[in-house]
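Asks: The residues making up each chain are set out below.
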Amino acid sequence: MAGLSLRSIHKSYGALPVIKGVNLSIDNGEFVVFVGPSGCGKSTLLRMIAGLEDISSGELHIGDKLCNEVEPRDRGIAMVFQSYALYPHMSVYDNVGFGLKLARTPKDERDRKIREAARILKMEHLLERKPGQLSGGQRQRVAIGRAIVRQPEVFLFDEPLSNLDAALRVDMRMEIAKLHKELGTTMIYVTHDQVEAMTLADKIVVLDGGVVQQVGSPIELYQRPANLFVAGFIGSPKMNFVPVWADKVEADRVTVSGEDVINLTVETDGKAIGPGDQLTLGIRPHDLVPSSTGSIVGRVVLVERLGNETIVSLELPSGVNWLAVLGGDQPLKPGESLALAANASKANLFSSDGTAVKP
Amino acid sequence: MRSRASVIGGMVALGISFLVFVIPFAFIILMTFKDKRQASLLDFSWPASFNLWDNLVTVISTRNWMLVTAFVNSTILTVASVTLLVVFGAMVGFVLARRTTRWNPLVEFLILAGLMIPPAVVPTIWLLQGLKLFGTLYGMILVEVAYNLPFTIILYRAFIATIPRDLDEAAIIDGARPLDVFFRVILPLLWPVTVTNIVVQSVGIFNDFTNPLYYLPGNANATVQLTLYNFQSQFNTAYNLLFTNIALITIPPLIVFLFFNRQIVAGMTAGAVKG
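Those sequence lines, one after another, are chains A and B. Heads up, the first sequence is in this note's numbering, so the first residue is 1 and it goes up one at a time. Heads up, the second sequence is in this note's numbering, so the first residue is 1 and it goes up one at a time.
Don't read these hints as lab results, they were simulated from the structure. Model, not experiment: these values are computed from the prediction. From the three backbone atoms N, C-alpha and C, an ideal C-beta is built for every residue, glycine too. Mixed in with the good hints there might be a few duds.
To be verified - Just a sample of chain A residues kept apart from chain B, beta carbon distances all over 10 Å, derived: (1) ASP54; (2) GLN82; (3) TYR93; (4) ILE273; (5) THR293; (6) LYS333; (7) LEU340.
Said to hold, decoys possible - Which residues of chain B face chain A? A few of them, derived with a C-beta cut under 10 Å, are: (8) ARG98; (9) LEU167; (10) ILE172; (11) ARG177; (12) LEU189.
Please construct the entire structure, taking both the sequences and the accompanying hints into account.
Replies: As structure tokens, this is what we get:
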């Protein structure tokens, strides 16, 4: 069992930098999720930890060992690939036992470990089959089994569920969470699906453009995003933004106004803001409530009535589109005018450089 | 219902195939039964007498059992060359498909050059003599490998490019060293191409006439194709024996085809619908 520490990790392909200085420490037994849009470098970072990509500069420690130049097989890691990467010509039994065979594990010990892994993953009945005879979910199970049997110090998952259908994905997600609880091993999981990130992670690392945007627990990221990128990326539907300026600044609250907002009070640290500063206001669609005295007024463009909630698409006076998720069934019609109030403690303010104003 | 044109077209195709493939084969078989006098007429007629056994004995025992020596030599030559071709072709194809370096264009040019530039016989003999390999089976094996390697590499490389890199990486994480990755993971997956290569190259090398003629002189070194000259001369050719010889040396390639035919077809469809 081991934690990891990444110190100022860089990666570039020729002159093109892909990872621009990542510092991260992961504790023993933590479930860490790397999340970000396509091309943000999350998979590259994982592959560098696995040893499949060279580290251009910086230090990677797994446990207490500096692992920059260590071969993947000696790093104490196991990896599950998006495409499962099962060996098509081997039975499930041989697939799971391939690593042990290469390590020259005695036959009876190998057999015991393979059957143990199969028991944990409930796939004893599949051992004699070839990967081609398995469904997507079963293949994923075998791929995880192949990782378990190596008894790694760190599990690496590279978008393991993205090839599965929606229902199976939910099941496998729960199984992975259960597996983490059972084994207690450090796990690093790459995904672009924020639901997976929110449900599985002890700690989420949001990446964009090869830079870590924020590291924190799922709820922390949701409630207190560090910048505009994280605010827009985490949460579904995504956070609404609108440009405003500071009207009245007090120690623990700021009143903002703008073309689309009239005198909205936000609970935040007023010390960093001067009156008249240009800011961006961010409010989640779930934090808006209809109110005749509301400070945000827009024209209803589209109404999606789901029964338990109503998703309203609004056009604000400046032309910005916002979403509001209102509780219950709201009999609204396109073209109507709707006034909304925002919860002052849940609104976020971002300064002109995109970083959040701390509450 | 099929149209009349397609039925006629099918008949014509069948007729042409019959003419091209079956008639010559039937001619060979008929000739093996004839005696020397009837065979020299070179006509398509039913044998007047049954001489198959006599012809066989004569062909096999001619020139101190040369055909037996030739079969041994050809078998060694074919098996050794094809083995080396498969191993080296797959290895080079693997490296070319997986690793991009600035040498790749040069290597690809050399492979194409190997396919396009006709082999120069005299310099090759000079080189073989310098290496003390001229007139030996080893030298001949090396020549066959050199001549056929480019084609083998091209076949393998195209196929290896379709095998996902994830498999290599999974094996590396599982602790496989480069040779393990190749021999335990990649090579077994190349079976369809390997079969194609075995068939194409072994038939080609077994039936090779000119290269053994140039590079492998001497009675002890004869290969099967060269034994055909035993029954042919400027003024006198024993056609019944010549055709018996032809029939005998056609058998091994035929067996190779029969043995691997199903697998070639299976391999091709497996590649086509791979999910």
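Asks: It remains to establish, for every hint, whether it holds in the given structure.
Replies: Comparing the hints with the structure gives:
Every beta carbon of chain B lies more than 10 Å from that of ASP54(A), the smallest distance being close to 13 Å; the non-interface claim holds. Taking the minimum C-beta to C-beta distance to chain B, about 8 Å, the non-interface status of GLN82(A) is violated against the 10 Å cut. Under the 10 Å C-beta cut-off, the non-interface status given to TYR93(A) relative to chain B holds; the minimum distance is some 14 Å. With a least beta-carbon separation of about 50 Å from chain B, ILE273(A) lies farther than 10 Å from that chain, consistent with its non-interface assignment.
Here THR293(A) stays apart from chain B, with its beta-carbon at least about 58 Å from theirs, past the 10 Å limit. Under the 10 Å C-beta cut-off, the non-interface status given to LYS333(A) relative to chain B holds; the minimum distance is some 48 Å. With a least beta-carbon separation of about 48 Å from chain B, LEU340(A) lies farther than 10 Å from that chain, consistent with its non-interface assignment. Because the smallest distance between the Cβ of ARG98(B) and any Cβ of chain A comes to about 13 Å, over 10 Å, the interface hint for this residue is violated.
The interface hint given for LEU167(B) holds, since its Cβ lies 5 Å from the closest Cβ of chain A, which is under the 10 Å cut-off. Hint status for ILE172(B): holds, given a least beta-carbon distance of 5 Å to chain A, under 10 Å. Residue-level restraint check for ARG177(B) holds (minimum Cβ-Cβ distance to chain A is 8 Å; threshold 10 Å). Among the interface hints, the one on LEU189(B) holds; its C-beta lies about 6 Å from the nearest C-beta in chain A, closer than the 10 Å criterion.
The structure fails hints 2 and 8 (numbered hints given earlier, in ascending order).
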